[in-house]
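Undergrad: Take a look at the letters that make up each chain.
2 protein chains.
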Amino acid sequence: MAYTANPDRDRAAIAKVSSTLLQAVNASDAPAVLKAWAADGTIMPPHHLPVHGHEALGAYFRDLFARHTFRFAFTSAVIELAGDMAFEHLTYTATAWPIAGGQALEDCGKGLHVYRRQLDGTWKLIRDIWNSDRPAEPHSPGSR
Amino acid sequence: MAYTANPDRDRAAIAKVSSTLLQAVNASDAPAVLKAWAADGTIMPPHHLPVHGHEALGAYFRDLFARHTFRFAFTSAVIELAGDMAFEHLTYTATAWPIAGGQALEDCGKGLHVYRRQLDGTWKLIRDIWNSDRPAEPHSPGSR
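Quick note, the sequences are listed as chains Y and C, same order.
Our numbering puts the first residue of the first sequence at 8, with every later residue one more than the last.
Our numbering puts the first residue of the second sequence at 8, with every later residue one more than the last.
Worth flagging that the hints you see were computed from the coordinates, not collected in a lab.
Certain hints may be false.
Same chains, same names: a pair is fine if it fits in one copy or spans any two.
[Claimed, not checked] Using 25 Å as the maximum straight-line C-alpha spacing, the simulated SDA-like pairs for lysine to any residue come out as follows:
(1) K23 <-> N33
(2) K42 <-> H96
(3) K42 <-> A66
(4) K42 <-> A20
(5) K131 <-> T100
Being a predicted model, the structure only gives us computed values, none of them experimental.
Turn these sequences into a full structure, and let the hints guide you.
TA: If you want it as structure tokens, here you go:
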């Protein structure tokens, strides 16, 4: 790549993408969420098939925000750089309020963001996967 | 690092770690599972707190294998190299049989393995996170 290694700058840029993403989710702003994502990114949500690419990601987030408003917070975030890729180990708390009314849902858990440096030097999300710390469901082999 | 870049060799070595891990889980062999893991690795299972480091990982897998036998299969696996780190995007199917008897549990989903090249040149797992494709539970914000 044409960009000199500068770990501090890279970490700051990635942390900015992550916080912008969080704000966009909490604002139910699908176009702002998409700005954090690479065109070929794949989100890997619990209890849902993977969603690949900007068009499908846009539909996923619009649908999500049509049903709930969210308040996600990252309770810890550690970024590790690996050349033109990076990963961020996160823990989160989340509340979801159904748009149709009803009880708010609470969750806490952990996740990984994977980023790739783009040709223009910006960092974009290419994978996002998370899961709940809360007790196991009967059809989740591998959990307690 | 002292190891010349050789993507084909790295991919083959990582694929070997991944398949060895799978066999070890399916054989309920906790010591063999640990051989795939870096000393400072963290597994991030659904419905469970993260488990960090060899000692805790050993206890986690011994407990898991005391309660169920497993048959995991990777239905797809794509490895991306990033210097001394690598990511493997997986899809899986899994069956778990309770040791105490009762109904087998079926699951399918996706996950990420993150690997780091060790000082001796071997690749070890440093993160493993996955989640189910199956329908949402009521306390999982962000899923459908």
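Undergrad: Run through the hints listed earlier and report the numbers of any the structure violates, in increasing order.
TA: none
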